[in-house]
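**Student:** Protein chains in written order, with the working numbering: chain A, 5 to 455; chain B, 5 to 455.
None of these hints come from the bench; they were simulated from the model.
One or more of the hints may lead you astray.
[As the list claims (entries may be wrong)] List time: in silico DSS-like cross-link candidates among lysine-lysine, alpha-carbon distance up to 30 Å:
id, chain 1, residue 1, chain 2, residue 2
1, B, K359, B, K281
2, A, K318, B, K285
3, A, K281, B, K163
4, A, K281, B, K359
Bear in mind that the values here come from a model prediction, so they are computed numbers and not experimental data.
Number of protein chains: 2
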Amino acid sequence: MVGRTAIDAYLQDHLDESIAELSRLVAQPSVSAQNLGLPECAALVAQMLQNRGFQTEIIPTGGAPVVFGERKGRSDKTLLFYNHYDVQPAEPLELWDSQPFVPTLRDGKLYGRGVSDDKAHITSRLFAIDALLAEAGELPCNIKFVIEGEEEASSVHLKDFVHENVEKLAADACVWEFGGVDHRDAPMQYLGLRGICYVELSVETANQDVHSGTGGSIFPNAAWRLVWALNSLKGPDERVRIPGFYDTVKPPNARDRELMDALPETADEYRERYGLKEFLKGLTGGVELRLAEVFEPTCTICGLTAGYQGRGSKTVQPARASAKVDFRLVPDQSPEEVLELLRLHLDAQGFQDVKIDLLGSESPARTNPEDPFVRLVVQEAADVYDMPMEIVPMTGGSGPNHLFIEALHLPVVTAGMGYPGTLAHAPNENIRLDLYLKHAMHMARVIQTFA
Amino acid sequence: MVGRTAIDAYLQDHLDESIAELSRLVAQPSVSAQNLGLPECAALVAQMLQNRGFQTEIIPTGGAPVVFGERKGRSDKTLLFYNHYDVQPAEPLELWDSQPFVPTLRDGKLYGRGVSDDKAHITSRLFAIDALLAEAGELPCNIKFVIEGEEEASSVHLKDFVHENVEKLAADACVWEFGGVDHRDAPMQYLGLRGICYVELSVETANQDVHSGTGGSIFPNAAWRLVWALNSLKGPDERVRIPGFYDTVKPPNARDRELMDALPETADEYRERYGLKEFLKGLTGGVELRLAEVFEPTCTICGLTAGYQGRGSKTVQPARASAKVDFRLVPDQSPEEVLELLRLHLDAQGFQDVKIDLLGSESPARTNPEDPFVRLVVQEAADVYDMPMEIVPMTGGSGPNHLFIEALHLPVVTAGMGYPGTLAHAPNENIRLDLYLKHAMHMARVIQTFA
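Turn these sequences into a full structure, and let the hints guide you.
**Tutor:** Okay, here's the thing in structure tokens:
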């Protein structure tokens, strides 16, 4: 095994070169929502892998291609990195202090669209590989990269891709695209994502809006139908009323509670940042608030639309009304099942007229906090970061990690250079160079020890 | 009394002159919603009254002035005409076949914004007066005109104006601004308007929208609060749940039922025009449908707004949500009382967080179908129109008729030249010249017999 001092020295000495490579990647726009620059960026990423001796393929999907790269190493073990080369739209442009696709260094930070999410995670991992290759001439284990181009557009083709390439993607462990430190600069190990079933509910009661003086007493009103249908889904007690919805919910176990209890308090920060008067269900803070936040499934109205929405009054009875609703799911719920239960419930409640359109879905999935690979990643963070890595057994968001956990049977860990001011998805997205370097050091250690 | 033949002959001979005067009035834009041309139009209307020997005042209000005119006649009786000189906005301009403020004659119809609502009603009534004056040199009774400039903007200053000018407006009967024939060309006598209490309900639960992965389980959601508050107002049985809401409702009496029973069937036309599958409350048509349409109070959602309303999905939990809601009221409900009951109800249901903004209100009011003046107006229609005038004891809309019925104690009748294709409030608004002439003939007869 190459000495850590040598590797760290290599990384410190070559940081500028890696940032230059990152800057070339950020300068190539690759906005999946706008179908902008995706093949060009895929080609650029494939070239970067080839430069490190990876066998590389650009694999077509129904949408943006997936870049796959593989290089054999000394041991039989295989580590898989999941990343994405697409980025969020740069708009609103007027809120950027420098141009989003002209990467700019200021105060130890590199600014640009997609720099944090997810391009610096690609190049910093390649940078760790550079250090290992420079010092030893070979990789300590097999390394594979799967770098998709539709992560910011719901990874719509990834499910088919993974299922069709189970052998190609075979590995022993997976490092996820993101990760980072919290407000104290403590590195966090986020394990587990909730699933999601995002639907649009819509009702049409007439072919046109009607004057409310005419229709109010005798015509069905789409807005009322929608309100009553929504009300049938959840009441003020926050309990979802769809029969069977909670049947497959696994509550957090003792170890989950222990890990959640060890995390810092969030209640005051939430109250202040969002101007909240209170939390739901009588929660006031502590571990119970943190457990409810991520270990419970939800039914959230994300939007409502009907009739007249301008200033003042218009006496109109809406012919059409719709709502965006997202269900966040926890193991072992599935979006397919929730969609089916929702239809059954609406029909049983007399809302056959309420149409359901599925706008997106992901399954929930968790990696066991006790998995040896999780322990390895946590341990290897110890001499890179000033604070120990904390384990968050479950998070509130959603993503395609379930494909890697369930179809490929891999433990999936998170590690990266995100930080509370990184502004992913927002204007002035940036990374801190100190965290970029630390992530490369951490990744080099993980690869070495894992091998 | 001047002979009807002479009056009819005068009106037929001078129709072109009256239409020319109407055209000058329509050519003067007077859009209350856009504060466009109101003083100019008031001056023009006042001049028209002065030309007929009326003593005229242009009376300031907090908004557009009221034009008041009075001319004494032979008898002690006084007839009051209520009209308005303001019009709806002309937009969308691209849907007009000729310019909205360039009155244009085509196929026996005059086109222009405000021609039907309400400028032709002003000039046709002056035209009837011209005929009476030309034949007899004096009016058979006292005539007053109150012509406001804010009818299309909720008549916001009319209530104060009427209450401050009870003596000036004193009369024995009132002819309302509008009226007309139905699809069979049968003249209709619309008596009674429902009241209205139009509110905006709004909720704010945070100072900004929150990612639904974070807030879904633990932060209050404005859209849910709104849905539950609305659901507390009315359920799928269509019964308003606000305690006391129905306490002052007067059901239709035997004569109302008889009159409603005599009206033509509307069910099939509604089904076809609006593409309805069914009516509410199991109604299928007939007198019960017509009674429910106008004799029952309503609670109508006119609009819903919250969170993300664009295409596709956005995982956001809305901090703000609002609904426009109108209550149509029947005698003896009052908008002030309904507003108070609504606040009490929301508070009692735990919705103190739901704010109520009153956006408009009118009281319900009816004129007795047996009133002698109603009978007179119906009788005098008989030899002008080919079909007898039918009495509609109540209608679904709302307006300021209650001020004249309750503060001035007048019977209020409707008469006019509206017809199903008149397109009031829409592009290509028009009047039929044959109905213009008939209305003038009808009004001359009403004034003579009333005197």
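**Student:** A separate judgement is required for each hint: does it hold in the structure or not?
**Tutor:** Now the hints, each set against the structure:
no.: 1; hint: K359/B <-> K281/B; verdict: violated, 35 Å
no.: 2; hint: K318/A <-> K285/B; verdict: holds, 25 Å
no.: 3; hint: K281/A <-> K163/B; verdict: violated, 41 Å
no.: 4; hint: K281/A <-> K359/B; verdict: holds, 16 Å
When the structure is compared with the earlier hints, violations turn up for hints 1, 3 and for no others.
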